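Protein chains in written order, with our numbering: chain P, 3 to 156; chain E, 270 to 594.
What the hints contain is simulated information worked out from the structure, not anything from laboratory work. Check the hints yourself; a few may be wrong.
As the list claims (entries may be wrong) - Simulated restraints on C-beta separations: (1) E:579 x P:33: 28 to 38 Å; (2) P:47 x E:372: 48 to 58 Å; (3) E:455 x P:151: 27 to 37 Å; (4) P:8 x E:320: 47 to 57 Å.
Note that the structure is predicted; figures quoted are calculated from it, not measured. Glycine included, C-beta positions come from ideal geometry on N, C-alpha and C.
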Amino acid sequence: MNLTCKDIGLRLEVENTLLEQLYNTGMKHYPNEFGGLLTGHYSEDMKTCHITGTLLPQKYKSSRYYFERGREGLLEKLEKLYHAEPRSIYVGEWHTHPDGEKGPSDTDKQAMQTISDHEEVTISCPVLLILATSPRGYTPGFYVNFKNKLYEYE
Amino acid sequence: MATDKVKHLDCVLESHKIRKEQALLDKHTAKRGEIKEALEAKYTNTLYAPFNSGSLAKNTAVNTKFDIDLMAPFKRNAFGSSGTLEDMYENVYKFLYDKYHGKEAVVRRQKVSIGLEFYADADGHVVKIDVVPGRELNQGEYLNDKRLNLYVYEQFGRFEKGADHLRSNIHAQVKHIRDRAEAERDSVRKIIRLLKVWKIGKGSGPKSFFLELITIKAFDSKTITGDIWEKLKTVLEYIRDNAKTVSLPDPGNSGNDVADTMTDSEKSWLSSDMDTMLTNIAASDDMIKSYFRINEKHPCPEEKQENRYGVKREGASNPPANRFG
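Same shape as in the complex, but just chain P (with noise of 0.2 Å):
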């Protein structure tokens, strides 16, 4: 799947093989929250993210509201990815909205503020994947937060 963030001009790669995988183990929570890393890597002239896996939270929180993740273990995979050949690293944040929309709540929309701004994420345009899931289904979108504000890819 291929997409353009068409205000500002960025691009976004992900195979669908990926979403599968995304929406089966958001599948296994339902009807609750659940989410994890994006992994990936950026192409040479910055302006594609390429997404390529995920990882999953060792501890979190959820409810079919609420998706609370926690960071316990993850530093480790992602300095074995950084160090990789090769390289991955932290491109940003997928969850679920389970029965729910595809749009990003304020709630997500601080939390992307917070991950942009925070000393230890060292990009500064994390990506945000919400999965509307169902039984019969998901609807993915995708967001980047660019300079303090989150756009949609198309």
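Following the hints, complete the assembly by docking chain E onto the known chain P.
Chain E only, in chain P's frame:
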């Protein structure tokens, strides 16, 4: 990808807007007021009200050089019934030198003005004001005819040092440029400001008044339409083709030709500069960037094609725990 000339020129103009340097402008205005008060206090009964000239008064200024002039109009007998224009110039120079030089500014003699360059303040801001002494032609007539004689300290163009003077109505000069610049903001005013950016980037060039008048003459002589680049190109071509022969009557005194503020050699160089510029830009759109430079202190908003995913630093991220909804 080749430079979009229109977009670039728009950015050049935007980055040179005066309001982007408001703090520095305010300091210039305050200092100009202080100098005006000092002159009025010193020459209580022999000086008419000093007034602003220069590009700021004409609404053609750019923020990399404010070009603030303070005209000081003296009465005919201010320096004695047989006082000369040189007496006037030197008297004002000595007053300003004694008051400011070595204390808070460098004061120097210039072509027809006295330049004051104040030491940089804590913000690194440097205020530059030019004081232009002028003398009315006949005792008591200034308030009616506004005409003034200026002293030529240093030769420029065909005006020789000390041997000549300029006689003009400075108010009329300022009004002429300001009225055209305000009435034709998207054409005359923009082109004048671009030519000033070119001149400042080059480090030398014709007097601003010459550039202002020849731009207006180009607009009056030719049909100039199109986008900002097409308008600029037509004016550059006009200057190239006419700089050596053009007559630019002084709006303050039609007997003066402002073209005389340049020597024949200087006019040839100007024509040659325009020719080279046009040739180079025709060969490569990118060359426009070297002639008309963006004020890097105030870059334009990033364009879509310049946006990138950002990396703050090398190394693995450690994203914080977070709550999503």
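Against the structure, the hints come out as follows:
Judged by the Cβ atoms, the range 28 to 38 Å given for residue 579 of chain E and residue 33 of chain P holds: they are separated by roughly 37 Å. Here the CB-CB span from residue 47 of chain P to residue 372 of chain E is close to 55 Å, well matched to the stated 48 to 58 Å. Checking the proposed 27 to 37 Å range against residue 455 of chain E and residue 151 of chain P shows it holds: the Cβ atoms sit about 32 Å from each other. Judged by the Cβ atoms, the range 47 to 57 Å given for residue 8 of chain P and residue 320 of chain E holds: they are separated by roughly 53 Å.
Violated hints: none; the structure is consistent with every hint.
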